[in-house]
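Undergrad: So the chains spell out like this:
Protein chains: 2
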Amino acid sequence: MEVVNLNDKLARINDFWHPRIVAELNDMHVKLVRLEGEFVWHHHEEEDELFLVVKGRLRMQFRDREEILEEGELLVVPHGVEHRPVADGETHVLLLEPKTTLNTGNVRNERTVEADWI
Amino acid sequence: MEVVNLNDKLARINDFWHPRIVAELNDMHVKLVRLEGEFVWHHHEEEDELFLVVKGRLRMQFRDREEILEEGELLVVPHGVEHRPVADGETHVLLLEPKTTLNTGNVRNERTVEADWI
Chain A
12 MEVVNLNDKL
22 ARINDFWHPR
32 IVAELNDMHV
42 KLVRLEGEFV
52 WHHHEEEDEL
62 FLVVKGRLRM
72 QFRDREEILE
82 EGELLVVPHG
92 VEHRPVADGE
102 THVLLLEPKT
112 TLNTGNVRNE
122 RTVEADWI
Chain B
12 MEVVNLNDKL
22 ARINDFWHPR
32 IVAELNDMHV
42 KLVRLEGEFV
52 WHHHEEEDEL
62 FLVVKGRLRM
72 QFRDREEILE
82 EGELLVVPHG
92 VEHRPVADGE
102 THVLLLEPKT
112 TLNTGNVRNE
122 RTVEADWI
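Sequences listed follow chains A and B, in order.
Counting from 1, position 75 in the first sequence corresponds to residue 86 in the numbering used here; the numbering is continuous, with no gaps.
Counting from 1, position 26 in the second sequence corresponds to residue 37 in the numbering used here; the numbering is continuous, with no gaps.
Worth flagging that the hints you see were computed from the coordinates, not collected in a lab.
The structure displayed is predicted, hence computed values, not measured ones.
Be careful, since some hints might not be right.
For chains that are exact copies, the list does not tell them apart, and a pair is met inside one copy or across any two.
[As the list claims (entries may be wrong)] With a straight-line cut-off of 25 Å between C-alpha atoms, the simulated SDA-like cross-links for lysine to any residue are:
#1 K20 / V118
#2 K66 / W52
#3 K66 / L36
#4 K20 / N117
#5 K20 / W52
#6 K110 / V97
#7 K66 / E13
#8 K20 / R74
#9 K110 / E58
#10 K20 / G91
#11 K110 / L86
#12 K110 / V15
#13 K110 / G100
#14 K66 / E56
#15 K20 / E57
#16 K20 / R76
#17 K110 / P89
#18 K66 / E101
#19 K110 / D99
#20 K20 / E77
#21 K110 / H29
#22 K20 / E125
#23 K110 / N37
Next up, chain A with everything else stripped away, as it sits in the complex (with noise of 0.2 Å):
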């Protein structure tokens, strides 16, 4: 049991659409990520997946519209929906979702990356 500080660990991540995870409870990880930029279009087969902003504005565009997350909004992206995030800026976001997840769902390529602790 480990006091998680979300700046912190925040502040040890130097890449961008790479997920580290911070903490697991049951079935599930918690992870940060910094985002810049458009990532691609996927969905996950089963998994609901939660965004969170820490710091930052996230665009999650699905097919037929988009929903905006300001600091401390959340969304949850049930499975099986198309979605694709999008931030203007540099944002900072903690996922919340299965640790089967994979952070490019059903696609995979050059931006599929495997999640590690941070």
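Here the structure of chain A is known, so what remains is to put chain B in place on it, guided by the hints.
TA: This is chain B only, laid out in the frame that chain A set:
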């Protein structure tokens, strides 16, 4: 899918130690709770429990020590571990836990409440 603003939801909570559900993903609930004072000693048989301090300061007591969580810090209390949350001043906390979690864990007493959606 709805964007949840943590502070807006917290402003609608008028009591202490009564977690409100603000989101669900897979088998987990995300809850918000206002804390002040001492809770009861308890543990959860199967559920790990995450505490993220949104405002204020949380002292998490264990039988052999205490961990202090400031704003922007989180801690996971594994299942089976006895704990007692204490907040010396008003403290706002985001909880993440399996849907089966009862606030008082293995104990049922006057502090036991059902979490409802807000």
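Undergrad: It remains to establish, for every hint, whether it holds in the given structure.
TA: Quick rundown of the hints versus the structure:
Taking the shortest alpha-carbon separations for K20 and V118, neither the intra-copy value of 28 Å nor the inter-copy value of 35 Å comes in at or below 25 Å. Taking the closest pair of Cα atoms, K66 and W52 come within 25 Å of each other only inside a single copy of the chain (23 Å); across copies the shortest separation is 34 Å, beyond that limit. Taking the closest pair of Cα atoms, K66 and L36 come within 25 Å of each other both inside a single copy (24 Å) and across two copies (22 Å). Taking identical chains as interchangeable, the C-alpha atoms of K20 and N117 are never at most 25 Å apart, the minima being 28 Å within one chain and 33 Å between chains.
When the C-alpha separation of K20 and W52 is checked against a cutoff of 25 Å, the pair qualifies neither within a copy, at 27 Å, nor between copies, at 30 Å. For a Cα distance limit of 25 Å, the shortest separation of K110 from V97 inside one copy, 23 Å, qualifies, whereas the shortest one across copies, 30 Å, does not. Taking the closest pair of Cα atoms, K66 and E13 come within 25 Å of each other both inside a single copy (23 Å) and across two copies (19 Å). Proximity of K20 to R74 under the C-alpha cut-off of 25 Å is found in neither arrangement, the shortest distances being 33 Å within a copy and 28 Å between copies.
Taking CA atoms no more than 25 Å apart as the test, K110 paired with E58 passes in both settings, with 9 Å inside one copy and 16 Å between copies. In this homomeric assembly, K20 and G91 never come within 25 Å of each other (Cα to Cα): the closest approach is 30 Å inside a single copy and 27 Å across copies. Taking identical chains as interchangeable, the C-alpha atoms of K110 and L86 lie at most 25 Å apart whether they share a chain (18 Å) or sit on different chains (18 Å). For the homomeric pair K110 and V15, the shortest alpha-carbon distances inside one copy (19 Å) and between copies (23 Å) are both at most 25 Å.
Taking CA atoms no more than 25 Å apart as the test, K110 paired with G100 passes in neither setting, with 28 Å inside one copy and 35 Å between copies. With identical chains, the CA atoms of K66 and E56 are never at most 25 Å apart, being 28 Å at best within one copy and 35 Å at best between copies. With identical chains, the CA atoms of K20 and E57 are never at most 25 Å apart, being 28 Å at best within one copy and 28 Å at best between copies. In this assembly of identical chains, K20 and R76 lie within 25 Å of each other by CA distance solely across copies; the values are 24 Å between and 32 Å within a copy.
Taking identical chains as interchangeable, the C-alpha atoms of K110 and P89 lie at most 25 Å apart whether they share a chain (15 Å) or sit on different chains (16 Å). In this assembly of identical chains, K66 and E101 lie within 25 Å of each other by CA distance both inside one copy and across copies; the values are 8 Å within and 23 Å between. In this assembly of identical chains, the alpha carbons of K110 and D99 never lie at most 25 Å apart, being 28 Å within a copy and 35 Å across copies at closest. Only between protomers do K20 and E77 lie at most 25 Å apart by alpha-carbon distance; the minimum there is 22 Å, versus 29 Å within a single protomer.
Proximity of K110 and H29 under a CA criterion of 25 Å is satisfied intra-copy only: 15 Å inside one chain copy versus 29 Å between copies. Taking the closest pair of Cα atoms, K20 and E125 come within 25 Å of each other only inside a single copy of the chain (18 Å); across copies the shortest separation is 34 Å, beyond that limit. With identical chains, the CA atoms of K110 and N37 are at most 25 Å apart both within one copy (9 Å) and between copies (12 Å).
Violated hints, listed in ascending order, are 1, 4, 5, 8, 10, 13, 14, 15, 19; each of the other numbered hints is respected by the structure.
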